[in-house]
Amino acid sequence: RASSKRGDRDEVSIEVTDTGHGIHASDLPKIFRTFFTTKQKKGMGLGLSICESIMKAHGGRIAVESAPSRGATFSLYLPIERRRHPRNESILA
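The numbering used here numbers the first residue of the sequence shown as 11 and each following residue consecutively.
You may find that some hints are simply not true.
[Unchecked claim] Here are the computed lysine to aspartate or glutamate pairs in the EDC-like style, where the Cα-Cα straight-line distance is at most 20 angstroms:
{"id": "1", "residue 1": "K49", "residue 2": "D37"}
{"id": "2", "residue 1": "K66", "residue 2": "E25"}
{"id": "3", "residue 1": "K40", "residue 2": "E75"}
[Said to hold, decoys possible] What follows is a list of derived Cβ distance ranges for each label pair:
{"id": "4", "residue 1": "S85", "residue 2": "R43", "range": "14 to 20 angstroms"}
{"id": "5", "residue 1": "L38", "residue 2": "S63", "range": "25 to 31 angstroms"}
{"id": "6", "residue 1": "F46", "residue 2": "D20", "range": "28 to 34 angstroms"}
Hints were generated in silico from the structure; no laboratory data involved.
Given the structure is predicted, the values throughout are model-derived calculations rather than measurements.
Beta carbons are placed, not taken as given, at the ideal position from N, Cα and C, and that holds for glycine.
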């Protein structure tokens with residue numbers, strides 16, 4: 011399930027919720043570390059690290075809430091930037 015909304019701050023939030031096994035509390039501080047995985051043979055531990063890097067590159071952030079057997083909710087927050095140039099003005103000129 012996914013949803014989006016504009017918050018009180020100048021940002022948009024996107025929430026993605028699953029109904030999987032959830033994430034153990036002891037793993038939550040580690041899940042955005044490069045190469046951290048709980049999947050013994052399948053995972054490389056890159057996906058969430060890459061997601062966090064992309065969010066930071068755009069001035070945003072990512073957060074997670076989870077509990078075992080209840081799934082997880084990832085919240086992505088992106089800033090809303092105001093236009094700095096009139097529509098007809100090239101930003102490359």
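Going down the list of hints, with the structure as the test:
1. K49 with D37: Roughly 12 angstroms between the alpha carbons, so the hint for K49 and D37 holds.
2. K66 with E25: Answer holds: K66 to E25 is near 17 angstroms, not above 20 angstroms.
3. K40 with E75: holds (13 angstroms)
4. S85 with R43: 14 to 20 angstroms: Check passed, 19 angstroms falls within 14 to 20 angstroms.
5. L38 with S63: 25 to 31 angstroms: violated (18 angstroms)
6. F46 with D20: 28 to 34 angstroms: holds (32 angstroms)
Consistency with the previously given hints fails for number 5 only.
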